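> For chain A, the structure is supplied; the task is to place chain B on it using the hints.
The lines below spell out each chain.
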Amino acid sequence: MTDLIVQGLSKSFGSNQVLKALDLTVPSRQFVTLLGPSGCGKTTLLRMIAGLEKATAGEIRFGDRRVDMLPPGERNIAMVFQSYALYPTMDVARNIGYGLEVRGTPKPERTEKIGAVAKVLEIAHLLLRKPKQLSGGQRQRVALGRAMARRPDIFLMDEPLSNLDAKLRATMRGELRRFHLDLGTTTVYVTHDQLEAMTMSDLVVVMNEGVVQQIGTPEEVYGKPANLFVAGFIGTPPMNLIPAQISNGMLAVAGTPIPVPLPPRAPPDVVLGVRPQDVAMAAPGDAGAIPGKVWMVELIGSERLIEVEIAPKIRVTAEVRASHRASIDDAVAVRPDPAHIHLFDPATGQALTG
Amino acid sequence: MKPWVAAILYAVLGAITFVVCFPLLWAISTSLKPKDEIFRWPPTIWPENITFDAYRELLFGGSVASAPGAGVPPSAYFLTWFGNSIIVSIGSTVISITVATLAAYSLTRFRFWGQRAVPYIAILGYMVPSVIFVFPMFLTMVSLELTDTLFSLILGYVCITLPFCLWLMWAFFRGVPIEIEEAAMVDGATRLQVFRQIVLPVALPGIIAASIFSLIVSWNDYLFGRVFMNSMENLPLTVGVMHFFDGTHVDWALMMASSVLMTLPMAILFGFMQRHLVAGFGAGAVKG
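The listed protein sequences derive, respectively, from chains A and B.
Mapping the first sequence onto this note's numbering, position 211 (from 1) lands on 211, and the numbers just tick up by one.
Mapping the second sequence onto this note's numbering, position 189 (from 1) lands on 189, and the numbers just tick up by one.
Looking at chain A on its own, in the form it has when it is part of the complex (with noise of 0.2 Å):
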C-alpha cells in the first residue's frame, strides 16, 4: 500500500510551463481524480507520474521512495491509455502478461496469473483473439488486466472511458470503482468528464492552467467551492456567478437585498455564487426575490431550467420541476436560498469564507 507525494513539480515545454510547482499528496488506497478542461496539465501530471515526461522540477515519491528519476519500467505503476495501447500482434493473453514476460516471471506462474485476472474481468474466454478481433469494451478490459496482473503499486489512468459509448461508460464507471474496492491499490485517475470525477473518487484534484485549485473529496469540491474556477468547473448546470455589492452590512443583487450571513473585512463588490438548484422562482415582489424576465426555458427531462434575465447581460438560472411552466419574457423573480450562497472576492477569485 503506497502514498503518492508530490512536491514541487514543474514541467514546461519550452517556454509553454505547463506544470507549476505542483504540491499533492494522495493518501494510500485512494482512488484520485485529475479533473480539469483540456491543457489543464491533468495528463502530463500522470506521465510524469509514470515516467514518461521527465519533471523540469520537483520529485515525486511512492512512499518513501523516490521514484521521479527511475525510468517507467522501474516505478512498478500500471498505466491504462486513453487509447488502451493494446499490442497489435500480441493475443490477449500475451497483452496481460507481457509485463510479466519482460520481468521474467516464470511461464506457470504467468500463465495462472493471466487466468486469474481474465476470470475477474470476464474475458476468460477472449484470451486467445487479436485486439482487433475485440469490442471497444473488451479492449478496454484486456488495458485493464494488463494493469492488474502485475499487482502494481499505483495504477494511472488515462481517460479510460472516454472511448466508450454512454452506456458502456456508464456501466465501466461502476466496475472500475468495484475493482478499486476489491484491489485497494491507490489509483490516480485523469478525466475531464466531471460525473465521472464525481461518481469514482475518493479525492477529486481540480486542476487549472498548471496549477491545483482545489484538492478535496467530491462532496467538498461541489458543495464548498475553493475559488470562481472551481465553482464554474464542477456542476451540471454550472453554478450561477453573478455580481454582487456590499453596503452597510448587506448585500444586494442589482438593487435587491439578499438576507446572508456576511464574512469579515469582505469586499464592496462581490461574486455570489449559487447553484441553479438552490434558486427557487419566486412572483416579483416577493420579499427576498430579485426581479427579471424570463430569457430562456429549456426542458432537460424531470426538470426545467429557467434562465430569468435580472439586469442587462446578468441571467440566473433555476432548475425547478419540469411541472413548473414559464413563457419567455414572463416577468418573474428568483430567490436565492441563503443557505446555499457562496461569496467571491472577484480580484482574487478566492472564496470568502465566515
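Everything labelled a hint here was simulated from the structure, so no lab data went into it.
Incorrect hints may appear among the rest.
Said to hold, decoys possible - Here are a few chain A residues that face chain B, going by a calculated C-beta distance under 7 Å: (1) L52; (2) G73; (3) M79; (4) Y87; (5) P88; (6) T89; (7) R103.
To be verified - If you only want the chain B side, here are some residues facing chain A, beta carbon under 8 Å, derived: (8) P177; (9) E179; (10) V202.
These numbers come from a predicted model, not from an experiment.
All C-beta atoms in this analysis are idealised placements derived from N, C-alpha and C, irrespective of residue type, glycine included.
Relative to chain A, chain B alone:
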C-alpha cells in the same frame, strides 16, 4: 456499376494485361522452342516441339569452375551471375532495410535538429535519376579500389534504395501509435525490447514492402552493374545475359531462358508477399 461500363472496363483492363504479359509469354515460348523454330516465319505462338535445351545448357551445361580460361561459353557463367545477383540484392536489401528502419524509427521517436527535413531530403534524393549518381559513384569506387567487386554494387544499390526505404519506413512508423511503446515501457520493457518485441512486429508489413522494393530495384539494375563491373565472373545477371548477344549473333533461346529464370525469384517472392506489400504501401500511402 452498369453492365456496359463494366464490360468496357474489363475490356480495357484485359488489353492492358495482355500488353504487360505478352513479352513474358513470348519469352517463355521462345525459351522452349528449338533453334530452327525460333526464326520460322510466320512465327509460332506456342512451340510445336517443346525443348528444354536452353534451360539444360544454362543450369547443367558446366560451370566456370569446371572449365576455366578462354573459350568458356557465356552460358557457363549463368549460375555464377545468378549467385552474384542474389548476393548483391540480398546484401544491399539487408543494409538498406536495417539502416532505413533504425533511421526512420529515430526520426519519428526522438527529437533532434533537422528531424523533419531528413525524410523530405531523402525522397528528393530518390527523385534524381540514378544515372546522375553513377559516374561520381564510379569515381569514388575507383578511389576506394572497390571497382569490379560485389561490394561496390551493394553500396551502389544501397545508395539508390535507401532513400525510398527510409521514406516508406518513416511513413509507416508515424502510423504506429507511440502509446503502445509507452505501455510496454510501463510494463517494464527496455527500449531495445520495445523495439524488437512491439515495434518491429507492428512494422513488419512496412519492412516487407520496403524489402521487396529494394530487392526488385537491385535485382533488375543494369546501369550500376555495367559501369562498376568488368570481369565475367563478377557480373550480375542483368549485365551477364547481354553476353548471349555477341555482335553478330544472338542466342535467343538462351537469352529468353535466362530472362525467364531471372524473373522467377521475384515472381515467387511477389506471390508470397503480395498481401504484405499492399498493406505496407497502403499504410505508407494513407498515413504518410
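> Does each hint hold? Answer for all of them.
Hints, one by one, checked against the model:
no.: 1; hint: L52; result: 5 Å, holds
no.: 2; hint: G73; result: 4 Å, holds
no.: 3; hint: M79; result: 5 Å, holds
no.: 4; hint: Y87; result: 6 Å, holds
no.: 5; hint: P88; result: 6 Å, holds
no.: 6; hint: T89; result: 4 Å, holds
no.: 7; hint: R103; result: 5 Å, holds
no.: 8; hint: P177; result: 6 Å, holds
no.: 9; hint: E179; result: 4 Å, holds
no.: 10; hint: V202; result: 6 Å, holds
In summary, this structure violates none of the numbered hints.
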